[in-house]
Amino acid sequence: MILGPVGDRTGWKVEGAVALFLVVFPSLLGLFGAGTDLGTRILILGLFGIGVDLIFGFTGLLSFGQAAFYGTGGFVTANLLIRHIVPSTLGALAIGTLVAALAGAFVGSLALRQVGIYFAMLTLAFGQLFYFLENSPLRAFTGSENGLPGVPKPVFALGPWTLDATTSIGMYAFVAAIYFGGFFIARRIVRSPFGAVLRAIRENPERASAVGHQVPRYKLVAFTLAAAYGGLAGGLLGIFQGYMPPEAFSIDQSGEIIVMTVIGGPGTLIGPLVGAGVWTLLRQGLQNVDAIAGIWKLILGLVFIVLITGFRRGLAGGAIAFWARLRAAR
Amino acid sequence: MIEAQLLNGVALGSILALVALGLTIIFGLLGFVNFAHGGLFAVGAYAGWLAYTRYDSYLLGILAALGVTFAVGIVIERLLIRLYYRRPKEDQILVTFGLGIVLVEIVRALFTGQNKLVPTPPWASGAVQLADLVYPQYRLDVVGIVAVTLVVVWAIIFKTRLGLIVRAGIDDALIVEMLGIDIGRAFMLVFALGACVAGLAGFVDAPILALTPDVGTAVLVQSLVVIVIGGVGSFGGAIVGGIVAGEIISLTSVFAPDWAQVALYIAMALVLLVRPQGLLGVVGRA
Chain W
14 MILGPVGDRT GWKVEGAVAL FLVVFPSLLG LFGAGTDLGT RILILGLFGI
64 GVDLIFGFTG LLSFGQAAFY GTGGFVTANL LIRHIVPSTL GALAIGTLVA
114 ALAGAFVGSL ALRQVGIYFA MLTLAFGQLF YFLENSPLRA FTGSENGLPG
164 VPKPVFALGP WTLDATTSIG MYAFVAAIYF GGFFIARRIV RSPFGAVLRA
214 IRENPERASA VGHQVPRYKL VAFTLAAAYG GLAGGLLGIF QGYMPPEAFS
264 IDQSGEIIVM TVIGGPGTLI GPLVGAGVWT LLRQGLQNVD AIAGIWKLIL
314 GLVFIVLITG FRRGLAGGAI AFWARLRAAR
Chain S
103 MIEAQLLNGV ALGSILALVA LGLTIIFGLL GFVNFAHGGL FAVGAYAGWL
153 AYTRYDSYLL GILAALGVTF AVGIVIERLL IRLYYRRPKE DQILVTFGLG
203 IVLVEIVRAL FTGQNKLVPT PPWASGAVQL ADLVYPQYRL DVVGIVAVTL
253 VVVWAIIFKT RLGLIVRAGI DDALIVEMLG IDIGRAFMLV FALGACVAGL
303 AGFVDAPILA LTPDVGTAVL VQSLVVIVIG GVGSFGGAIV GGIVAGEIIS
353 LTSVFAPDWA QVALYIAMAL VLLVRPQGLL GVVGRA
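Those sequence lines, one after another, are chains W and S.
Under our numbering, think of the first position of the first sequence as 14, with each following residue one higher.
Under our numbering, think of the first position of the second sequence as 103, with each following residue one higher.
Warning: the hint list may mix true and false statements.
With the Cβ distance kept under 7 Å, some of the chain S side facing chain W (calculated, not the full set) [to be verified]: (1) 200; (2) 203; (3) 265; (4) 326; (5) 349.
A few chain W positions that, by computed beta-carbon distances, are all more than 12 Å from chain S [unchecked claim]: (6) 50; (7) 73; (8) 129; (9) 136; (10) 301.
Residues on chain W that point at chain S, a partial pick, calculated with CB under 7 Å [stated by the list, open to error]: (11) 131; (12) 146; (13) 317.
For the record, the hints were derived by calculation from the structure and aren't laboratory data.
Bear in mind the structure is a predicted one, so any value in this text is a computation, not a measurement.
Using N, Cα and C, we set each Cβ at its ideal position, and we do this for glycine too.
With the rest of the complex left out, here is chain S (with noise of 0.2 Å):
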């Protein structure tokens, strides 16, 4: 029973973790809260779904996810966020925040608030048998694509030529354009690779969720949840936060059902007051 519910911690952690990663990536790399979050993450599922169901391809879903949202990416940076970068904390927030409503609401407006239904691919639709428990293939499934996108995201951020420009540039943003490197442009790739990824765990989270476009306020919330378990910003922080929060509701859901969400925000609390950079965060970092 109780190595049930271990294992389903995992599994819905991973899902946090991925629901998370995006806004880590932005939050970690440019210290922006993006409260936009959750939009990108409706725009991302609704893409990939479009695509999925007329074409009846997966994989065309998560081209289009990620595609669709890293042009949103593109557009919102140069139009907005570009703007603020050097203004006040609250400012950023509230902007993401405003953005995050426009998304949601234009999402609403071309697909209308009813329900969507999306399939779960074929080589996915069975159940697993795992010791005693018979658990969705998707959703194992789902773990292993968390796991793939991790390894891609943390090479482009550790190991590319953008990777070490965006880190150079946090550190001392004017040095490295005297070395006459573009930051901006460099920051833009950043937004716009945070925002497909938020894209990207829409769409492979909607077989699992009801799709609607409202889905992105809950997203967001708990996103905000995992980075801040984890650690702001950090990358390992995402997933050890993602599998903390799951273990949390999963564990708390067997000995009082109605405190798992109570659980996790008292959680939330606690690490935001003893320890602000989170488990694995770095101090001084946002």
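Chain W with its partners taken away, still in its complex shape (with noise of 0.2 Å):
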């Protein structure tokens, strides 16, 4: 439906547009006087939101645990570079990423056997069920409330250059690489005959399941990479800011993911990365504004509540379908 189906003739236009964009967002912020680590850290929730896209937006599962997965590949990520285990911060990332990934398929395997409220209430549990595990029986290895500090940052030779990723541009340059290989990746996920079963499931599971696909296998699979992306965001979350924080785990981090999506646009993938930036600036630059410092949250949340009475397909989905009516007319 949205963003062309299997076949479409976009070719690689959309992945040209993203690296683009890429390129140019630290300029971007920087003529709104904001700073480049708060791209990076826009990145992150966007990589982190496009699992929630892959589940929700593609799927139509609303998962209100998806923190379990963030945290999880955040805090392994986090403790096999502190404690040295893996020497190589690529490394420790794809270890994280596996493990939040097996998370997603042990969680998937159970919450999948319910729909709808029951399927969001079970997420919701394990959601919880995984953050009271890292605040105590698990504190050894999660810090508990302090947190992780001491996550080192990566130096890469790449060559005849170094990308330093403790400078502020090293590190952006470093997660948008990430970014835009799982948007790459996710593209070519939601474009295969994979991604067309997936949209038969959200519009018709029944229908889907009496042409003769396997419904549960497809919606574990498509559940298991949405933790993978979560797990891959939360490890470059630590390694971004040095710290891994315990509200990784947290249910307002899951809520906020899924705010993210919906006001950027679920089913679009790019939607997300446009949720998480409008709420971060907005967060940003309403806090400079004495009068209205306080409500940004406020504003967020009755932007949000507009957008699911009326306009389901979010700002990415809006502008998407804008741009398709101009092509059509001419």
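From the two separate chains plus the hints, produce the assembled complex.
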């Protein structure tokens, strides 16, 4: 439906546009007086949100427990790096992502036995389960309320160049490269026959099942992929901040990423990045205006309600539909 | 020791039952998971706190909590919830989740994010000796308030014309409307009833909790645990679920304090997997 079905003719234009955007994004932020670090933070949330979009936007599964995987990936990656168990940053990220994906496969295999509100509440229960595991029984591993400080930042040698992620712009480039890779893969996924089945499940699970698709398996793979995206983003969060916060596991985090995805536009892949940008910049922007500094979240909540009620496609979805109409009129 | 913890579990469970009751009313009668429940709880707590501390009357506090959340419930239902009865469950969850954020942020804008200390009313400030256990009087009084609230709400739903209309409307809204009854108005009143019970819980719990605007988040999650364990939309389920949840927390705390909350969510997940309608729930609702 949105962003073209299998075999649409956009070719590589979307990937090219996203790459171009990632290159100019720090300069754009500079125009508004915002720093590069803010951009890095937005990209990390955008990456996390790609996973949410895969299960919610494309498959129609509303999960209130995605923070479980964001936190799991984050704390596994942070531990591996802090304790020098894995010397390579990319290796630690890969393992963190894998562990989050395994956690996702486990939670998914249970939660996906239910649909609708029961699925939403089960994912919420598992999210809380992970939060309280992190908070108490696993505190030796997670630092409990204090989180884990001292996550090292990498420096990469790329032939004659070095990418120094200890600088703001170096970190941005590192995260942007991974975001682009994540976006690229997600777009391959949703444009594949596999992605077409996911959309079929969203539109009508009974019919998808009736034409012979193993609906539970497709859902489980989508859920596992979403957990992997969450885990990767969580790992990047710890590296970017040099500190892994326990709030990554919180129910607020699960709620925020859903709000960002819906504001940006579910079913677009780029939507969560737009939503994360709006969320982060609005918070930053409104906090500088004294009269309304305290109500940035109130404004976002109202925007969210209006979008859910009248504009289910969100900002990016609306823009894409508008663009398509312009082209059709021409 | 175990007896004391069992009693503690019952007291904690009654509070949880009261907290979940508003959610269960709306869920049971309208089939609507109200994720704004925590926000309504906070609105009631603050409205009650304002009246209570200004006029030094606990009763006025209760009336303010009930009145304000009832009015807020009416407004929300007319403006928004009404549009969502026929939309997918996911949309209902999302819109009420958004509403919860808005309510909490309005409370924060009006009252700042600082802790509010809500004093225990003077008639309930002491402690009671129960066997070898000293127990705060107010917590025992809350058990009484919960009991009264349950009876009143039960009477409204099962013994009044409004309850009759709503229960008939759930079975077949079309037939009820053909009888010339305004089912929309009945739904509105039920939503407002659920909202004001949530608000009442907020005020009654306020002296026990530290009152901050985001008290609602924890409350929403706890309430979901209670109604899931007890039975979605089941009246007795809220009580059973509350007490089971209270006992799980209370008893696990004795043996493995680190695992108390974990055990609660394991129980919730198990119930959802094995008996999704909950211990007392009926299959086919919601």
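Status of each hint after checking the structure:
1. 200: 4 Å, holds
2. 203: 4 Å, holds
3. 265: 23 Å, violated
4. 326: 6 Å, holds
5. 349: Result: violated, 18 Å to nearest chain W Cβ.
6. 50: 25 Å, holds
7. 73: Non-interface label fails for residue 73 of chain W: nearest chain S Cβ at 7 Å, not farther than 12 Å.
8. 129: The assertion about residue 129 of chain W is violated, with a minimum of 4 Å to chain S.
9. 136: 10 Å, violated
10. 301: 17 Å, holds
11. 131: 5 Å, holds
12. 146: Constraint on residue 146 of chain W satisfied, holds at 6 Å.
13. 317: Hint on residue 317 of chain W: holds, closest Cβ of chain S at ~4 Å, below 7 Å.
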